[in-house]
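*Asks:* Taking the hints into account, I'd like the entire structure generated from these sequences.
First to last, the sequence lines map onto chains P and U.
Mapping the first sequence onto this note's numbering, position 89 (from 1) lands on 89, and the numbers just tick up by one.
Mapping the second sequence onto this note's numbering, position 10 (from 1) lands on 10, and the numbers just tick up by one.
Calculated from the structure, these hints are not laboratory results.
Treat the hints with care, since some could be wrong.
[What the hints assert, rightly or not] Each computed SDA-like pair below joins lysine to any residue, with the alpha-carbon atoms no more than 20 Å apart:
| no. | chain 1 | residue 1 | chain 2 | residue 2 |
| --- | --- | --- | --- | --- |
| 1 | P | K43 | U | F130 |
| 2 | P | K55 | U | W131 |
| 3 | P | K8 | U | E113 |
| 4 | P | K112 | U | E113 |
| 5 | P | K118 | P | D107 |
| 6 | U | K154 | P | K43 |
[Claimed, not checked] Derived DEER-like restraints, expressed as beta-carbon distance ranges:
| no. | chain 1 | residue 1 | chain 2 | residue 2 | range |
| --- | --- | --- | --- | --- | --- |
| 7 | P | I74 | U | N365 | 50 to 60 Å |
| 8 | U | L187 | P | T144 | 30 to 40 Å |
| 9 | P | E75 | U | F130 | 46 to 56 Å |
| 10 | P | C52 | U | R224 | 51 to 61 Å |
| 11 | P | S27 | U | R311 | 41 to 51 Å |
| 12 | P | S27 | U | E356 | 48 to 58 Å |
| 13 | P | I25 | U | G36 | 42 to 52 Å |
| 14 | P | S68 | U | R183 | 13 to 23 Å |
| 15 | U | G61 | P | V4 | 21 to 31 Å |
| 16 | U | S251 | P | Y142 | 25 to 35 Å |
Quick caveat: nothing in here was measured; it's all calculated off a predicted structure.
Idealized CB from N, CA, C, for every residue including glycine.
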Amino acid sequence: MGRVAFDKKTGDPILMESRVFNLRIHSSLGGLERYFKGLEDGKLYGVICKKCGLKHYPPVPQCKSCRSRELEWIEVPSRGRLITYAEINVKPQTHSNYPDYVVGVADFQGVKVVGIVKGDYEEISPDMTVRWEIGVRDGEEYPTLYLVPLGKD
Amino acid sequence: MKVGISSIGISRFGRRTDVDIFELVLEPYWELMDEGVISPEDIDYVVFSTTGFTPEFSPAGIYMEYMGLNPKGVHRVEAACASGSAAVYTAYNMVRSGAVDNVLVIGLEKMNEFETPTAVEYLARLGSYFWEVRDYGITFPGYYALFMQSYMNKYGATEEDFCRVAVKNHYYGSLNPKAQYRREITLETCLNSRYIARPIKLYDCSPITDGAAALVLSSEEWIRRNHVDTPIWIEGFGVASMPASLSYRSSFTSIESARRAAEIAYEMAGIDSPIGKVDVATVHDCFTIAEILAYEDLGFAPRGEGVELIREGETYIGGKIPVNLDGGLKAKGHPVGATGEAMFVEIVKQLRGEAEKGRQAPINNGYGLTHNVGGVGQYAYVSILRR
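*Replies:* Dropping the structure here:
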């Protein structure tokens, strides 16, 4: 069951549940395995459709335009331009262990990539040149994609 | 087949720990019934919306029991923060098809039942969890902060400009007895508030809200036969979508799906230009930047000039087009799965001339508009209502 407690703000009675429900997802990867393996090897891949030439990032197992399954893995160009960014101050439960972090979107020759921007919010400005880097966030064991500012053009 | 809104009801919004979740559903339901237009026997079907801040994963069936509406049919719809409009859209098409006469649409969210970090996580997962939220921890304020940063960079708008939206919406919230925040704020209060997702500050954000709202959509024939006093007709209803992933976005200064939904709705209603035609609008101000983007996506202002409307006070009563006279999501509150219905309820009140003193728009042409966005544009609904 639970026990009767009182809401901190209103003082109204609430039932405090003692049961906890954990949600751990096991996502099947299918044709996306190469992307995640690539991250482990420090590489960042998208795909290009051999049939119609459309680029996809994040990758897809089948071309969204012509439905072809003949896709080639291509490395995302190393240099790009930061389009926009924001600092996450109030974090979701699964990221509550981190100090404030900056997320951003950068354009690598037409491929838009979302990642954690390295550096302080104040030192980041729009249109900065960035490179992508695969690193490991403090306290984690798996790779994360970073956008590293290289300064203004 | 024309479709009209024959009855409305809305709960008080806020931190509603004073009622259990079942009672919160009943609040708008009984208020709607108390209008005396519809009785439970008249309802043919129920469409229920919630994003799911409920202990049960399939709540609609359970609430039917509490409303005493068994054995009528029911299903739940979900379209993130536009779930309510998705429910209205479903009911609209059911009635328009001629299959049924009256559909009850009811939306609920009791967000305070979840602890805050869980609520922040849950809301973030209304975005693209697999590619964005899981690894980069983007929150909902975070998504809109990317748009605000981009808008400021492109058009030279300032944090102060966005705070003006908060000041307006708190002003109108103070006049709405159902609003979560019924107090005015100053520009300084907003500007001095802490960052939630920089550059978005606490006072740029809509709150975590408990609330419910309901309306009945009826066929023209039923409305005429029962001599409904002031039916409000749905003249246009536009729906559109766009990719959730930021990687597949071409702009961070517009919600393209909302622009498209508006185009469809205007065309259906025969509206060439909203300014001078639409008397009052509710727009999806989950964050202050979202209201500015709405001004432009809805054609109230040209690109980059949305901030001018709020600087000049043109979205207050007496301006070019009054927006969010119920306090908006910002001050009235944003119970995500009930927000769509709440927008329709507000426009019906406005067009009937039933809004409280000080927040009733002058109704000259009889047109009102709702603009409801789910996610960061994955879902977009724009409706045109007419008295």
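*Asks:* Confirm or reject each hint.
*Replies:* Status of the hints after comparison with the structure:
no.	hint	verdict
1	K43/P - F130/U	holds, 19 Å
2	K55/P - W131/U	holds, 17 Å
3	K8/P - E113/U	holds, 13 Å
4	K112/P - E113/U	violated, 37 Å
5	K118/P - D107/P	holds, 16 Å
6	K154/U - K43/P	violated, 32 Å
7	I74/P - N365/U: 50 to 60 Å	holds, 55 Å
8	L187/U - T144/P: 30 to 40 Å	holds, 38 Å
9	E75/P - F130/U: 46 to 56 Å	violated, 21 Å
10	C52/P - R224/U: 51 to 61 Å	holds, 54 Å
11	S27/P - R311/U: 41 to 51 Å	holds, 46 Å
12	S27/P - E356/U: 48 to 58 Å	holds, 49 Å
13	I25/P - G36/U: 42 to 52 Å	holds, 49 Å
14	S68/P - R183/U: 13 to 23 Å	violated, 58 Å
15	G61/U - V4/P: 21 to 31 Å	holds, 27 Å
16	S251/U - Y142/P: 25 to 35 Å	holds, 32 Å
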